[in-house]
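Q: Since chain A is already given, all that's left is putting chain B on it; use the hints.
Residue-level listing of the chains:
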Amino acid sequence: MEKLTDILAGRALTPTEEAILPDQAARTMKGIMEHPLLRQDVEIPDLVAVDPSEDRI
Amino acid sequence: MSASIDQIAAARVQAADAEEQLAPYLAAAAAEPTIFSKVEAEDARAQARALDALAAKGQSAGPLHGVPLAHKDMYDRVGQVTGFGAKAGCGKLATATCTVLARLDAAGQVDIGRLRMSEFALGATGHNHHWGIPRNTIKPGAISGGSSSGAGAAVGAGLVRAALGSDTGGSIRLPAACNGVVGFKPTQGRAPVTGVMPLSFSQDTIGPLAATVAEARLVLSIIAGPDQIDPACRDVAPMRQRAKPLPAGLRVGFASGELLAPASARMTAAIEAVRSLLQAGGHATCDLDLDLLATLGEAANAIAMSEAAAVHADRLAAAPETYGDQLRTRLAQAVAIPGFAYVRARQIQRLARKDMFEKVFGTADLFIIPTLFDVPPTEADMNLGGAPGAAAMIGQLAHYTRPISVLGFPALSLPVAQTPEGPLSIQIVGPDWSEDLIADLGEWLETALASTFSSAG
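Those protein sequences? They're chains A and B, same order as listed.
Mapping the first sequence onto our numbering, position 28 (from 1) lands on 28, and the numbers just tick up by one.
Mapping the second sequence onto our numbering, position 86 (from 1) lands on 1086, and the numbers just tick up by one.
Here chain A stands alone, though its shape is the one from the complex (with noise of 0.2 Å):
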């Protein structure tokens, strides 16, 4: 899997080609990771504040 991953992340690429990629990478998991209609999904709650000194999990 290391060749694979070697060529899927970029290394294969030219520098160019290389270049674009934190960018698309970064514009593609906004799109996604804050998404509006994913703050209403109950499958996706609020994490609460918890006070640290109650040690709890």
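Treat the hints as calculated values from the structure; they're not laboratory data.
Keep in mind that this is a model prediction, so the values were computed, not measured.
Idealized CB from N, CA, C, for every residue including glycine.
Keep in mind that the hints are not guaranteed to be accurate.
[As the list claims (entries may be wrong)] To give an idea of the chain A side of the interface with chain B (calculated C-beta under 8 Å), a few residues:
(1) 24
(2) 25
(3) 27
(4) 28
(5) 31
(6) 32
(7) 33
(8) 36
(9) 37
(10) 38
[Claimed, not checked] Lysine to aspartate or glutamate pairs mimicking DMTMM-like chemistry, simulated, CA-CA at most 25 Å apart:
(11) B:1359 with A:23
(12) A:30 with B:1289
(13) B:1354 with A:34
(14) A:30 with B:1355
A: Here is chain B on its own, set in the frame of chain A:
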């Protein structure tokens, strides 16, 4: 070659001369190497001879009897090489004929050859790293659109009346819009993909590009329905092959918010003209907030790229040099999409469908949005290969098509205006399995627009 499928089929049954009539189609196809990747002349003649034998006995194979068609080079036919738009030598010798070609054969088609496409069906512009780009048949210098680039060009040039394409993010609708023809992307699961090259398991659909809505509907109705092999193909009521009058009380929605912001002034004017036509015809229209669609592009892209990388991972590892620059770069995006992001993209997909059913299809039966943001852009502007900006450019081009793909809804791309700079096309979109109603509205608009043009001329 301007006769309709119905006219061609009727004449071939009556005259039993399918083989004789095939010659000009084969010659015209052979003269278009940017559109046809292979003309399958011998197989086509054999099909035509068998149909002539049937017609000589007074029988018809079906509604496509003797009608020359051609299809995107990703459909398996036994004994032929499926090329996928890939580098020379990277095709596959098919050992069986895919379900949808077998159904078109049984209905009487004569399959004259294989049509150019974007490499492995990933590309919105029609450019292919290995094979160039088909000519735009209506506006020289404009892109043909992709990934069913040859299908759009073949129908646009009048080489065939209809051609199968495939659509994962716009690949039927974009080339249809670029070439001024009709493109019909069905509901995900309407037609079986057995023996068809996969790209994205959850978003792939197959359907026709055609000269008219009636012909697109006919071809789609023939290929639709489960084959007991493709588990994703659903057993739903079959489509009608012919139009019905639009139902009284039909409600057609139009986008009223930011979704239309990227559309050109002439595109929004064309859509308003469609709205006026509907109103003049006594049909109800309404404004809809469709801005949700504009937020779905990245989820659609993440799902499609992750699934495409799963398809190509082994080959990409073994022979990365066989892929073109843009395709390799786009597949490489998949590594930056972790598993949890793919799952969240699928959650967005599900929630967005729920939202659309509740807020949109509760108010309107169908809605209308652009296919492209304007007329087709030029080949030169869109020829970015793997360079910076390519992914964003593709995202912009598919701004109105990708969201419909991720939602799985059916959509018909219909040309509604012709400008000196090229055609303008709209999408008619409906909920799952609404293809009949979409086609009915498409045919109604086609007729209404034709009479508008003729009275204006």
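Q: So which of the earlier hints does this model not fit?
A: 11
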